[in-house]
Each structure stands twice: as structure tokens, then as C-alpha cells.
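If you read the protein sequences in the order shown, they are chains A and B. Last residue of the first sequence: 692 (our numbering), numbering continuous. Last residue of the second sequence: 365 (our numbering), numbering continuous.
Just so you know, these hints were derived from the structure itself, not from any lab. Please note that a few of the clues may not be correct.
What the hints assert, rightly or not - With the C-beta cut set under 8 Å, the calculated list includes, among others, these residues of chain B facing chain A:
no., residue
1, Pro-4
2, Tyr-7
3, Ser-9
4, Phe-82
5, Leu-96
6, Phe-100
7, Leu-124
8, Leu-139
9, Pro-141
10, Ser-270
11, Asp-277
12, Ile-301
13, Gln-307
14, Thr-311
15, Leu-346
16, Glu-349
Note that CB positions come from ideal geometry on N, CA and C, so glycine has one too.
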Amino acid sequence: MDRLAATAVEKILAGERLSPMEALALWDLDLLLLGSLARRVRFRLHPERVVTFVSDRNINYTNICLSGCRFCAFYRPPGHPGGYVLSREELARKLAETRELGGTGILLQGGLHPDLPLSFYEDLVAFIRGYGLQVHGFSPPEIVFFAHQSGLGLKEVLRRLMAAGLTSIPGGGAEILCDGVRRLLSPGKATAAQWLQVMETAHRLGLRTTATMMFGHLETRAERTEHLLKLRELQDRTGGFTAFIPWTFQPGGTALGGEAVGAHEYLRTLAVSRLVLDNIPHLQVSWVTQGDKVAQVALEFGADDFGSTMIEENVVAATGVTFRLSREEIVRLISQAGYTPRQRDHLYRPVEGNIREARPAQASAGAFPPETPPEGAAAPQPPAGGERGNSACPPGTSAPWPPPDAIPVALIARVGAHRDFLDRGVEYEGSRLLTTPFGQANPVHVFRQGGLRFAVLSRHGEAGYEVSAPFVNDRANLYALKTLGVRRILAWCAPGAINPAMAPGHLVVPHDILDETTHGPYTFFPGRGPGFIRHQPVFCPSLRRALLAALEGCPFPVHDGGVYAATTGPRLETVAEIRKLKLLGGDLVGQTLVPEVFLARELELCYVALCYVVNFAEGVAPRPYQPGVLFEGLATEEETARVQAVEAAFGELALKLLPALATATEECFCSRLMERYRRRGDLGEDWRTWFP
Amino acid sequence: MTGPEPYISDAALLPVYDKVMAQERLDFEDGLTLYRSPDLLGVGFLANLVRRRLHGDRAYYIYNQHLNYSNVCVNGCRFCAFGKPKGDPQAYEMSLEEIFAKIEARLHEPITEIHIVGGLHPDLPFSYYLEMLRGIKRLRPTVHLQAFTCVEIAHLAELAGLSVADTLEALKEAGLGSLPGGGAEVFSSRIRRELCPRKLSPEGWLQVAQTAHRLGLRTNATMLYGHLETLEERVEHLLRLRAAQDETGGFLTFIPLAFHPANTGLSHLSHTTGFDDLKTIAVARLMLDNFPHIKSFWIMIGPKLAQLSLTFGADDIDGTVIEERITHMAGAQTPTGLPRQALERLIREAGCEPVERDTLYNVIS
């Protein structure tokens, strides 16, 4: 082994990042060594012996394409008799079928059609979302093409598609991110820089994406390495890639022709990818190109995701490769490799409730019971009752509460809030996914800073605004936090201002609530009480004091006190409604804090809110309607800049505030709010016995 | 790197690692430990150490022609999609003329071995088999005839009313060069009662093989895995082969055969996984310390897995096989033949040097 390769191995074992030269040296290592290193990194990133998969359907809305890539057997040029654009009826049938088969999303891609307007794609996304399915759609070459066709620019196209409901972007069309190769391979397609730019723009807008690499055609291993390094560099800046999926070029039926590379080179490339891409969380196998056997073996070469059940696949099938795997088969392959299969959605969050057990293994011979997990790996957990792929909160009281490793304080905040801390390099312990008696909680990310452990939970999802205000499962989120031992919560939220003194970019620590919402659930005890709780004050006085003290010297104007008027979304309020709220004494209007605060109090949690004003509510300041934008349209550019400054400072601010809240002297009754019902014998001493 | 780090992640494999390094023989428990370990790469690493010790970077293939002369079979094994009773609409038997025509059709190719396997036909005369061998030899005098599994030999002996030794002598005189390894299935009486009660017993199979060895005929050995057998039964199978090899030394190659369930009496079972295929190759390499070669049969597990098997203990990926029927009747999705360039490319990509061999592993230059 040469010196560079030896250094690379040492660095990998020490958990350090590889230099470009070291990355290049990896290719010369023997396959088993690469595999064992990649497996080690995989278990460092994902200690559980769990392999995820998604149940979705590939829908190719059109095969008419201007691109004419030489490696593609799927496309037809405009005017070709074999060209199609999928009809609504056909689409509706496919969507209904996908739902029936337990699918959670659609992988939506198509050719670069010369005549379809952007509204076609917006409607398409909204139509699919209407079936309750996520849309993982439009690879960068399509986005670039839409931007060019519509003249709107990348950002605007992405914004519109996000507004229509786009969940995430697939990383297709990356091929090899070196223009030398692309000129030969796909001269009509987006350049490497354009591909990366689409991804960066999407990430900055909060849209997560995957990344791919199609290899085994004209490129060299050095060019593959360059591809990986370009992705790593972008991921360092945005953190928006969820997964990387390398696959091999399939020559059948393509203009390029030639021979497909074998399984050896595939596994080598997969392992090198895991080792170089130290900052992309997931690595996916490509069973479509490799077949079930190699795909399963790939789980030992760094992969932790089995990809999709792919209810329909047209593009690879057009090259004559027709590997097909049912959901049961995927579950069996994962299980027999000694891993627990877990269904996920397109944002890599677990999907609950419909993992069926693998068929019984053939005698004892076909199955390898995972008796000895690799070092550092947690013992494999069989899916509880074959139903849940993630850990359930214990309903009983067998474990002590608070747990010995209780997390004292939690931050409930905006979309993808944990990334602010990851970006700041705060020590990250990982995320916890809890299933509660009230359903699935959002992921809880646990960090440690200066001896303080704190939890971060994004109310509205981790990437886009996937869960809008009325649909947040507050009960599950709060139950999960309490289970982890949390006693104090800082709720970060972004209301509009009714009181003109509270301008966009200002911070407000509200002191009271005006509840005008119409949808609960408002209680953990539906249908039975247990009885009244006083809400004077609503927000924990100890935490309010500590929060205001910690905000001293903060660069943004801070308002001590304000009435937060809560409404039910997802729509925004009318001018008349805002006038009414103003008459009733409201200072701010938002859809976030209710019922969250009331539910937190039922769990006897200390809860305080910190609002940053993002706009004036309707009618408070004259703001003309602008199509295609939301809050930005309710604020001037200067106001928006102030709001963005607050958002940019959020992570740093939170790191100052959380220790203050964790150490605040307890001078409140929050932890005894249910005392009356305990005394009366309605509720047990241990809160976990309160719910059936 | 030959230390166990970072290759082995399952500590249970470390005692086996010590034995492999000391070149000590592995026992039954070691075999089970290897099979039960979830550490596929660790097991592969151990097997690869042994393979490299024996064969360095060489990986063998052969340019051969398969001939399945008849699928008529009296055995009716439940795991078989090939055998048909006489009179079945799918039953066939080739006349000697048809067989010779198939040989003649490929005389221009540099074929070094004709691989002949068929069912247990109830009434084809012994002379048919002798004439088959003689006729092929007339057409291709230098070709090596690897023909008739131990099960067929025992059947022919019965048909001819001869001893196994005399049957083998007669066939040898007609041109027989060696015996393929089929029909061993799994040497477990439980499995055989369940799946192939009429088949030649394990003792009978080993006896035919050892008789062949004593007559100077090399033979191969197989194990059909991935149906109803347990891991214990697999390891026992390997140990019985190893013991027989200690006695007569005539086995050349061991070939694990992955069970293909489609169209068999066990079609409710799933086909084997990549983990199982590679693990089985590796365990065979480690347990069968007295077998020179371990072959992965790409027809059964596909070219991709066959290529990977070269890193998990196999040193041979069989041949260019043009017309394979037995596995394809059981739903194999693999191609029925691979050209030489494709085989060589698979081997090179796996970091090995392709070596064309004849049946007895002489290098063809």
C-alpha cells in the first residue's frame, strides 16, 4: 500500500476528513478493505442496524425530450410517434394505486418538453399532493430547463414549485460533474456548475435534495473522485443533501453502447463514496442496476438505504435491465442480511405502521441471525410486533422518569432548526425518533454545548414547510420531549405584528395569549377532563425573567410583554379579523403557540415563547399583493433584511439563551399544575400513567 | 494488510482467524461460527486469505460445451425443475445423431471440455452412453469428457448389471475423462427423505466418487443449498466431503449450487440471497482445506455474484457454457452463455488474472 493510501486508511480509522489526493488513493485499496472501512463509517453515522427504504412510484410525465443524451434509451425527440405526455386520468389512476399499495410519494421526472408551461408542473405537483403523496421531483436539468423556458430564474422556479408542494428534488442528471465528460456524454444537458447551482439554490430555500453519480462510461476514477469532492464541498456549505446514490451506466439500447461495469467496480465505488462523502448522511444502493443479490451485499460496503420499492420504473427498463423487487422482497433481503428494515419517506423520516414482517426465512439456512453486531453498533432491535420501525415511548413506568440522561431544556423552532447548530459545529449526539401514545413525534435532535445538553425539534418538519401550522402533532412532540426528561421549553416563533410598534425584525417575549383558534386538540385528556387549569400567567414566569435578562445587550429591539393572538390556519387572516384582534387587545398574530403552550402546561412543563416579528399583519401597514410570494410580500425589502438578520443570528442567540433558561431559578408552579387532580386521585404520581 | 483489523468486526471470528493464520484445520463449530456470523466481510476476508495462499491472483475459467442429453428421470426430486417422467409432454431425449450434430456444429470453436449431465433415463441402454462418448471422441479426439454424475453412474451400473468399478472402467475406455460433481445435494438423511427419497444415498454417492478416484478419474463435488437444510447440515456435508478427500484425494473442485425454486416442488421458497451465496463460497473455501479449487457457477448465481465470489474464496468461475438447461428450467434469469471476453473482463475487474484452464486445471496458453 502506498503512503497516501496508508494515510487515508489511518485518517478514516481516526474519523478524519480525506484530502483530494488521499481520496484518489482509495481506489487502489483492495475491495474487502474498502468495504470494511466504509462499513465502519456507516455504523459511526448510523449506529443502529437499521436499513431504510421508501415505497414510491416512478412517474415519468413525458418521454419527449430535447436533450438527446447518448446514454438514454427512454427519450423520444419532439414529433416522434412514440412520444407521450401523461394524461390526468392515467395519472390519477397511478396515484390512487400508489396509495393503495402503501406508497408515500412519487418520484416525478420527465424529459425536457419544448411546449409545457411552468404552470403545468405546478399543477402536476399540487395534483399529486392532493392524493396525500410526497413529490420527490424534477432533477436539476429539468429545473434549469424550466427556468430557461419561463424566463423566471432558478430561485423563482423553485419557489413556485415549493409553493405547489414539492417535497424534495432527486439528484438525477448529475452523471459525472466534470464538463469534459458531460460534453461527450450529454452535451444538451445542464453543465456541472448549473447542476450544483440548482442544488445550492434549492438547499438555501430549505428544499432537501439527493445526489447521484452515473459511472462506468467515459469517465476516469479521478473524475469520479472530483465528482464526490464537488458534492462534499457543496454539502459543507448547505447541508441540504439527504443521500447519495451512485449507479452504473447501463449500455443496452443507448447510443453510447459498450459494456456495463461489474459488481466489483460498483461496490468499490460505493465504498469510496461513503469514505469521501463524510457529510452526506445516507448512502443508497441501486438494486435497479445491480440486482437484488449485489444490492444486499452492498449493505456491507457502506450503504444504509435500500432505495425505493419503485412501483414503476421506465427509464432503466428501457435499457432492457428489468430487476424488480417487491416490498416483501426488499424487507426479506434487508432482514436476512441481519438488519431491521424500516420504511421511510422522501425526507428520510420513518413512516409508521405498515412494515410487515419478512416472510419466515427458509429453514435456518437462508437467514443470518444478527447475533453479534459489529463493534460500536447497538444490538439489533426487531420491529416491535412487526409494526413499528422506531422506538416507542414506554407507556408504563418501568423505566425511571426523568431518565438518568435527562435533557433539561428543549428548543422548539422553525424548519430544520437543528442545522443551525450543526453548521456552528455544536457537538451533536444524534436524533431520536419517538412514537408516543399520541402518534409519531418529529425527530428530536440532541446537542451538547459547554456541558449543557439540549434538544431541538422543528415543528414544521426538517426541510420544506412540510407540516403547516394546523397539522403539527403538538401532543406527540411534547410527549416525546417530556419522555426525554425535558422540563423547560423555549418556543421560537414568527408571528405578524398587529401592534405597529412591534416592527419586523423585533423580538417579543409575549406575556399572554388570546386564543381565537378553532381546531385542537387542546388537551391530552379528550373526553374526560381532567379539569380546569389556571393560566395566570400562561408563560412560565421563571423562564420569562431569565429570558429577558439573557436578551440584555442583544442587537435587536426586544419587547417585554405582548398579547399573542392565536388563529387557526392554514390560511392567513383577513383585514377585518386583524381589526377585531386589535380591538380585543392583540399585539401579535400567529398560528403556532396554541394549543402548544396549553398542552405543555398539561404536562407540567415550563414554557416560554420568543417571537420574532416577520411582517405586519393584514391591514396594519399598506402592502400591495404580490403574486407568488407570501411573507416577503407583507414586508418591505428593508424589513425583510432585518428579519433575515434575526434568522441568521438565531443559532448564536439560542446558544446564549438556552443555558440561561436551563439554570434559571424555579419560582413558578408549572411543575405542579396538575397537583389538584393528583390529590383528588384522578391522576397518578407518574405522568406516564395519565394516558391510556 | 493481513491483520484482522479492520476487516473483522465480529469478535467471534477471531479464534477462526488465528487458526487460519496458523493453517490449522477448522472443525464443525468453526464452520457454524462462520455461517452464523453477520460479518460477511470478515468471513470473506478469511476465505480470501486462503484463496490467495493457494492461487495468488489467478482465477480460472474454461471454454466448454454443456450437453444435457435427456431430462427423463425416474427420481422425481422435489427441488428439480429439469427432470420429467417418461411420456411427459416436456420430456426429451437426444438421439446420438442429434448429440453428434451439436458437437459438430461447434467444431470450429476452441472447446476443451464437453460437460455431460442428464436425468436417470429408465431404458436407454448402456451402449447409448458408451457410443455417446466414443462418438464425441471421434469428432473431437482431444476434448476432455466430463460426464455423468455419481448418481448417473450408479444408475448406469444397475442398468448394465455391472459393478460401479466395472461401469466406470467401461466408460473410461469409451473416453470418459472425469466426473462432474452433481447429485450430492445435501448429505442429510432428513433432507433426502424429504426431498429426494429415491436418489442415490450419500454413502452411495461418496462410494462412486471414491471408486472413480481409485481408478484414476478425478471428480468434482457439489452442495445444493438454500432449500430446507439447516446450517448444521451444510457444515456436516462439507466435513463428509473433506473426510472422503482425506482418503482418496481425487476431488478437484467443490461447487456450491444455489437452489432455484421456480418450477420445482419447492416453488414457495425464495431464491438465495447474495449474502448466502458469498458466505457459502467462503465457508467452503475455509472448511475444505484439502480441495484444490472452489468454483462459483455463474449460471446459478449470476455473473455479478460470480465476480464478487473471487474475493470471497472462489478461484474459478466455470465456463463459457453456451446452452445450459438445468438451472434455466428452474427460472434462472442469467444468460445461457458468456463469451470469453466477458469472462476475462469480469475476472480482471475483480483484480485477478484470468487463466484459461482445461478440465484438470492445466493452463491453456
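Cross-check of the supplied hints:
Taken as an interface hint, Pro-4(B) does not check out: its beta carbon lies about 10 Å from the nearest beta carbon of chain A, beyond 8 Å. At about 5 Å, the closest approach between the beta carbon of Tyr-7(B) and any beta carbon in chain A falls short of 8 Å, and the interface hint on this residue holds. Taking 8 Å as the C-beta contact cut-off toward chain A, the hint placing Ser-9(B) at the interface holds, the least distance being around 4 Å. The criterion of a C-beta within 8 Å of any C-beta in chain A is not met by Phe-82(B), whose closest approach is roughly 21 Å, and the hint is violated.
Proximity of Leu-96(B) to chain A is violated relative to the hint, the smallest CB-CB distance being about 38 Å (cut-off 8 Å). A least Cβ separation of about 35 Å between Phe-100(B) and chain A goes past the 8 Å threshold, and the interface hint is therefore violated. The restraint placing Leu-124(B) at the interface with chain A is violated, with a minimum CB-CB distance near 35 Å, outside the 8 Å limit. With a cut of 8 Å, the hint placing Leu-139(B) at the interface with chain A is violated, because the nearest CB-to-CB distance is about 34 Å.
Violation of the interface hint for Pro-141(B) is found here, the shortest Cβ-Cβ separation to chain A being roughly 36 Å, above the 8 Å cut-off. The restraint placing Ser-270(B) at the interface with chain A holds, with a minimum CB-CB distance near 6 Å, inside the 8 Å limit. Here the hint on Asp-277(B) is kept, as its CB sits about 7 Å from the closest CB of chain A, short of 8 Å. Because the closest C-beta pair between Ile-301(B) and chain A is about 7 Å apart, less than 8 Å, the hint holds.
Here the hint on Gln-307(B) is kept, as its CB sits about 5 Å from the closest CB of chain A, short of 8 Å. Restraint check, Thr-311(B) versus chain A: the minimum CB separation of about 5 Å is within 8 Å; hint holds. For Leu-346(B), the interface hint holds, since its Cβ comes within 8 Å of a Cβ in chain A; the closest pair sits about 6 Å apart. The criterion of a C-beta within 8 Å of any C-beta in chain A is met by Glu-349(B), whose closest approach is roughly 5 Å, and the hint holds.
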